[in-house]
Amino acid sequence: MAIRSMTAFANTHRTVGPWDYAWEVRSVNHRYLDLGLRLPESLRYMEGEVRAMVSTRIKRGRVEISLALKSADSEANTLRFDPPRVRALLSSAEQIEALSAKALAPFSALDLLRWPGVLHEAEIDRERLQLDALSVLDETLGKLIDARENEGRQLVDIVRPRLAQIAEHILTVRGRLPDVLQAVRDKLLSRLAETSLKPDVDRLEQEMVYLAQKMDVAEELDRLGAHVEEMLRILNSDEPAGRRLDFLSQEMNREANTLGSKSADLGTTRAAVEIKVLIEQIREQIQNIE
-19 MAIRSMTAFA
-9 NTHRTVGPWD
1 YAWEVRSVNH
11 RYLDLGLRLP
21 ESLRYMEGEV
31 RAMVSTRIKR
41 GRVEISLALK
51 SADSEANTLR
61 FDPPRVRALL
71 SSAEQIEALS
81 AKALAPFSAL
91 DLLRWPGVLH
101 EAEIDRERLQ
111 LDALSVLDET
121 LGKLIDAREN
131 EGRQLVDIVR
141 PRLAQIAEHI
151 LTVRGRLPDV
161 LQAVRDKLLS
171 RLAETSLKPD
181 VDRLEQEMVY
191 LAQKMDVAEE
201 LDRLGAHVEE
211 MLRILNSDEP
221 AGRRLDFLSQ
231 EMNREANTLG
241 SKSADLGTTR
251 AAVEIKVLIE
261 QIREQIQNIE
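For the sequence shown, the working numbering begins at -19 and goes up steadily by one.
Derived from the structure by calculation, the hints contain no laboratory data.
Idealized CB from N, CA, C, for every residue including glycine.
Label pairs and their computed distance ranges (CB to CB): (1) Leu23 with Ser241: 55 to 65 angstroms; (2) Phe(-11) with Lys39: 15 to 25 angstroms; (3) Gln230 with His(-7): 35 to 45 angstroms; (4) Ala147 with Arg223: 15 to 25 angstroms; (5) Arg18 with Val(-4): 14 to 24 angstroms; (6) Glu107 with Glu264: 45 to 55 angstroms; (7) Arg108 with Asp137: 43 to 53 angstroms.
Lysine-lysine pairs mimicking DSS-like chemistry, simulated, CA-CA at most 25 angstroms apart: (8) Lys242 with Lys256; (9) Lys123 with Lys39; (10) Lys50 with Lys123.
The whole structure should be built from the sequences, with the hints applied where relevant.
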């Protein structure tokens, strides 16, 4: 499964047998899978099958599904009358007329049709109707998934370059670490030289070790680099990626904050800020990934 966006729209209008089916499916981002269905009253019985079909193909997102159903032949007569009941009514009328010894008031065919049970809707093949409706829905879901994957590719094209930029900042900061530590050491020695105090060499070395540990960002850089690699792996995989990518972006932001707080020079501070900006841009995109 390719990376998919959660935002898409698809529709299908198809005539199968005596019916016109018009499905519309639209989806937006959501933390979980949330389905909203609008089916004709006569097809409410197939809601369970619709939900099952959607949940096997879509894992996350708010998905709104609607079906409009109508007869393919707008002039077709879907009403049927009951001949035995009509004959029984006519026979009863004749018997009443004979018993009363006088003619009854005339009545029309319309009077007969108004009699309860004479006129009814034609029998509908519910099983055939459901199979055809689900077949057209399956086609529509295929279109929706294609649209989500197309949008997903665009999201990946936005995220990848930003991950590459973060990796470049990591390399830059890592390469400057020895120079930064040396600059701090030189600055401390310079300040001591400006005083009349004679430094204790052992104490000075202890202070330098303490400062080096306090400013050491190697672990943060290692974790940031590992998160970048994991994100790239996920973007190239077939697994649902949205939640995992969101978690990794939060972890990356935490490491970037620590990097900024430990910064001992302007260059590292700027790099930390740039990394945080890139992470935020990435998070904006992956919020919409399934």
